[in-house]
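Enquirer: One letter stands for each residue in the lines below.
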Amino acid sequence: MFETQKIETNNSSDPFWTVVPAIELRDVCLSFDDKLILDNISVSVRRGECKIILGRSGGGKSTIVRLILGLLKPDSGRILVDGEDITDYSEVEMMPVRQKIGMVFQEGALFDSVSVYENVAYRLREQGHEEAEIEREVTRMLEFVDLADAINKMPIELSGGMRRRVGIARALIGDPSILLFDEPTAGLDPPTARTICELVIKLRDLQDVSSIFVTHEMNNVENLSSEYATVNEKGEVVFEKEGDKLCLINTEILMMRNGKIIFNGTDEQLKSSDEVYVKRFIRGER
Amino acid sequence: MNPLTRFLSELQEVSLLIWRAFISIFSYPRYYAETIKQMDLIGVGSLPIVLLTGFFTGGVLVLQVFPTLQYYSIQNEAGNSVATSLIRELGPVLSALMVSGRIGAAISAELGSMVVSQQIDAMRALGTDPIRRLVLPRIFSLVVMLPLLTVACDILGLIGGGVVASSIYNQDYHVFATSVRVGISTSDLVSGLIKPLFFGLIIGAVACHKGLSTTGGTAGVGRSTTDAVVIASIWVIIFDFFLSKALQYLLDLGQL
Ligand SMILES: Nc1ncnc2c1ncn2[C@@H]1O[C@H](COP(=O)(O)OP(=O)(O)OP(=O)(O)O)[C@@H](O)[C@H]1O
Ligand SMILES: [Mg+2]
Numbered sequence: 001m002f003e004t005q006k007i008e009t010n011n012s013s014d015p016f017w018t019v020v021p022a023i024e025l026r027d028v029c030l031s032f033d034d035k036l037i038l039d040n041i042s043v044s045v046r047r048g049e050c051k052i053i054l055g056r057s058g059g060g061k062s063t064i065v066r067l068i069l070g071l072l073k074p075d076s077g078r079i080l081v082d083g084e085d086i087t088d089y090s091e092v093e094m095m096p097v098r099q100k101i102g103m104v105f106q107e108g109a110l111f112d113s114v115s116v117y118e119n120v121a122y123r124l125r126e127q128g129h130e131e132a133e134i135e136r137e138v139t140r141m142l143e144f145v146d147l148a149d150a151i152n153k154m155p156i157e158l159s160g161g162m163r164r165r166v167g168i169a170r171a172l173i174g175d176p177s178i179l180l181f182d183e184p185t186a187g188l189d190p191p192t193a194r195t196i197c198e199l200v201i202k203l204r205d206l207q208d209v210s211s212i213f214v215t216h217e218m219n220n221v222e223n224l225s226s227e228y229a230t231v232n233e234k235g236e237v238v239f240e241k242e243g244d245k246l247c248l249i250n251t252e253i254l255m256m257r258n259g260k261i262i263f264n265g266t267d268e269q270l271k272s273s274d275e276v277y278v279k280r281f282i283r284g285e286r
Numbered sequence: 287m288n289p290l291t292r293f294l295s296e297l298q299e300v301s302l303l304i305w306r307a308f309i310s311i312f313s314y315p316r317y318y319a320e321t322i323k324q325m326d327l328i329g330v331g332s333l334p335i336v337l338l339t340g341f342f343t344g345g346v347l348v349l350q351v352f353p354t355l356q357y358y359s360i361q362n363e364a365g366n367s368v369a370t371s372l373i374r375e376l377g378p379v380l381s382a383l384m385v386s387g388r389i390g391a392a393i394s395a396e397l398g399s400m401v402v403s404q405q406i407d408a409m410r411a412l413g414t415d416p417i418r419r420l421v422l423p424r425i426f427s428l429v430v431m432l433p434l435l436t437v438a439c440d441i442l443g444l445i446g447g448g449v450v451a452s453s454i455y456n457q458d459y460h461v462f463a464t465s466v467r468v469g470i471s472t473s474d475l476v477s478g479l480i481k482p483l484f485f486g487l488i489i490g491a492v493a494c495h496k497g498l499s500t501t502g503g504t505a506g507v508g509r510s511t512t513d514a515v516v517i518a519s520i521w522v523i524i525f526d527f528f529l530s531k532a533l534q535y536l537l538d539l540g541q542l
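The listed protein sequences correspond, in order, to chains Z and W.
Per the working numbering, residue 1 is the first one in the first sequence, and the count goes up by one each step.
Per the working numbering, residue 287 is the first one in the second sequence, and the count goes up by one each step.
This is chain W alone, in the form it adopts within the complex (with noise of 0.2 Å):
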């Protein structure tokens, strides 16, 4: 197969994937505490990562704009650049890079190993959809906990930003936050979170497909481990760029 067909055909095996999830929402079984469990798992136990990069990034974006905005002298400033940057493009994309780093691997680590030992198709031989039981409440914790864990990396990242502003440039803590806090616009703040929910849904389906279509045994599950992280951070990143330029579009039409 030519890399463009194979690219189409992974496609649509993805848009089906996400498609049969989401179908199974409206039917029975449901399967709440499997759901909560995938919460539990991405959202509290990826916090400290993203709580820790969004500190230092928002901490190493005043370190380097400061002395640039101080040039033109507008350094009162600094708390709205960061504001713009971080809310807008680095809150999201850094924190669904981290998550998918940390959990677009386990997942397909995870689905990956039941596959070659079997346990998907004992799963389906015992009367169970595996993309209702396990793909759906995966994907579904990735769309819900990846808005909330970016909302957490912004603020940590303004907390991050206000820290090495006041302790190594000596600005005031109330300059920083009023600039903050004047520079950020409705629209950030929904583009900030539309945005995640997209790459929420690419690294969930990513590494679900890549883990049940794992073939070739305990090397094929470190394949798709690699596969999934890799493909969804790219997606992630390319995504961004499109997604930047319709939110544009749209929240400046929603502005008129």
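Looking at chain Z on its own, in the form it has when it is part of the complex (with noise of 0.2 Å):
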């Protein structure tokens, strides 16, 4: 799958396909009832990139998230998809957009009145794929995140944890080429949580997926930002640590506060960074 994925996605022969962001926005303001939420936010995810979100709860994560699906439209400024301008787009005409973006909800939203499988198959049904194909997808998609039992249970009957996992099952399949991840791991047991950073970083290094990844958590910071992914000699995908012949990796953090980035640039900076906010919010200060 891997192989097939890689020809697909790796246009880097064009060169316009590598220098365009898979996305950019552009100087975004929004306010809602006169709060000022996104204050001037400039964001660029180059192709293969994974942008990390830091930032107090309430802070715009989630709605940066929002406004590139075009669930919300901002007041001003520019956003881009693939270097498509969305920001003016209409409902349909931002369908075919999402269709290669996919998301993981912070609150999971998952379908109530379908089951597991409906809820993964979601996608694939609707681009009108054959039944035994998306059977198949579904299957691959629930083994992954550990779930392959759950198949037929009703969102209802799960765990949060469980729902979440659902979640981006439903979120990967139909492999997209942007992925856009609202605290995956929150409430989740660590090797669970290790399992998705594992995930971010194999679709960032091996099939070219852009992604952003909102968390709180700076356990999620370190997984993504020290291991990279590579295929050895038997063809097995290997997780190696960043060494210090090779730092290579294509994360960046960036860092929000009262709806400003005050923080842009890679772990070792976010490390020996002097603003105070940054080093207390790594701290877990106030």
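Treat the hints as calculated values from the structure; they're not laboratory data.
Every value quoted in this text rests on a predicted model; they were computed, and no experiment measured them.
The beta-carbon is built from N, C-alpha and C at its ideal position, and this holds for glycine as well.
Some clues are possibly wrong.
[What the hints assert, rightly or not] Not close to chain Z: a few residues of chain W, all C-beta gaps over 10 Å, as computed:
(1) Gln298
(2) Tyr318
(3) Thr321
(4) Met325
(5) Phe342
(6) Ser403
(7) Ile445
[Stated by the list, open to error] Across the chosen pairs, the derived CB separations fall in these ranges:
(8) Phe32(Z) x Gln298(W): 19 to 27 Å
(9) Ser313(W) x Val231(Z): 42 to 50 Å
(10) Gln298(W) x Gly160(Z): 37 to 45 Å
(11) Leu294(W) x Asn258(Z): 32 to 40 Å
(12) Glu143(Z) x Ala505(W): 39 to 47 Å
(13) Thr266(Z) x Lys323(W): 33 to 41 Å
(14) Ala148(Z) x Leu475(W): 56 to 64 Å
(15) Ser295(W) x Val92(Z): 20 to 28 Å
(16) Ser42(Z) x Arg292(W): 36 to 44 Å
(17) Leu475(W) x Arg136(Z): 39 to 47 Å
The task is to assemble the complex, starting from two chains supplied on their own in separate frames and drawing on the hints.
Expert: Here's what the structure looks like:
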């Protein structure tokens, strides 16, 4: 599956394709009821890059993600996906853009009137794939998030973490080239959280997927920015720690405070940042 | 916002919703399974209450009207008077009110809770238009099923009237039936079937609009459900008046 995927998404022969960011926000402002939530935000996510967004609860992280999907419209500024300006797109025009984006909602947002299987199958079914193919993909995705035996359950019968994992499977199906994770690890046990991080690393390094990863947890940041995935001689995917000799990791961190970006850079820069707020945030102080 | 502007903007939003649902009929994808399911829920599901309503309304009409008719010794016209009022007015309006209470509430509660649990957003994020997938099947089913329910209501009403006439006032069944048959005109039937088409549209559009514009969590769902039923019912009653007038005019024209 990796090989075929590679061919589809790796348009690196086209120079235009590699230069155009997968996601770009230009001077985006947004307020809810006179309260400024996003104040001149500019973010750019390169192809194959994972952008981690950190920030206090209520800081506007989910709002950014919703803007990219066109679920909300900004008051001013521009939003581009794959170089395409989607700011003024209508709901109908947004549909093809959304087809290439996978989104993991913070609250799960599973369709609670249908089974886990139907939830995960949703996108493929909408695209009119054949049932055999849908079934194969759904099974593969659910195995991947370790929920193969919950396939016929209803969302209401699942625990919070299981629901989150179904949400992840639903977002990943159909191999979207852009993934948006809104706190995918919140409330999960450390091993599962780690699996999710490894998944993001794998998508980033082996499939050139661009992603935004909203989180509160420094553990995730550590994982995502210090490991990379490669395929060894036997064709297995292995994770390696970032060494002294190698520092190619395609992950950047962005920190928000009061609707502004106060930090944007790599994890080394984050750790050595002089900004007081950044230091306190890393140590978990107020 | 003052009430008038609020009313106008709601009216605009509902019209826009109807328009967007309407134009999505003409393109793919179409959700046949969802439509069938809604027809079953709306049509078959509402049948019992509509049948009961019809039966007892027809019965009570005869119960009240018969003594008066008897006073003027025209009790043989009982069937006629029941048929006319039932088919022209009470059948369509009462079925619409029952369906608005049952289905309008269900639709706006369902869509409302999908909004507050972000399922609508998830649906949009997965590339589906909620209007096409959720709104259109519901409005369509209401527009198709409400006339059928109305017919069922009318028939049970006439039966109810007949039962009361024969069992309480000892009128012969044949007398009642003949009077019904003489009393019903084509224009009664036409106007009695056109009305529920519009009522279905009103109930569906109002309930979907209220559901989809839910804000404020679970309490918001309760609010939009109440609003949907109240507003749809009021609109059915107001619209009924103007529709009756318009149909009178049009059907009179047709007879010339
Ligand atoms: N629909 C809305 N109406 C009004 N205010 C809103 C709405 N959605 C979000 N907000 C406000 O916008 C701000 C940012 O919300 P957002 O959900 O983006 O925060 P967040 O950074 O994702 O927080 P968390 O980490 O808790 O998920 C909050 O102060 C919230 O009150
Ligand atoms: Mg959030």
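Enquirer: Each hint should be assessed against the structure and marked as holding or not.
Expert: Structure-based check of each hint:
no. : hint                              : result
1   : Gln298                            : holds, 17 Å
2   : Tyr318                            : holds, 13 Å
3   : Thr321                            : holds, 16 Å
4   : Met325                            : holds, 17 Å
5   : Phe342                            : holds, 34 Å
6   : Ser403                            : violated, 6 Å
7   : Ile445                            : holds, 37 Å
8   : Phe32(Z) x Gln298(W): 19 to 27 Å  : holds, 23 Å
9   : Ser313(W) x Val231(Z): 42 to 50 Å : holds, 43 Å
10  : Gln298(W) x Gly160(Z): 37 to 45 Å : holds, 40 Å
11  : Leu294(W) x Asn258(Z): 32 to 40 Å : holds, 38 Å
12  : Glu143(Z) x Ala505(W): 39 to 47 Å : holds, 40 Å
13  : Thr266(Z) x Lys323(W): 33 to 41 Å : violated, 52 Å
14  : Ala148(Z) x Leu475(W): 56 to 64 Å : holds, 58 Å
15  : Ser295(W) x Val92(Z): 20 to 28 Å  : holds, 22 Å
16  : Ser42(Z) x Arg292(W): 36 to 44 Å  : holds, 37 Å
17  : Leu475(W) x Arg136(Z): 39 to 47 Å : violated, 55 Å
Going through the hint list in order, the structure does not satisfy hints 6, 13, 17.
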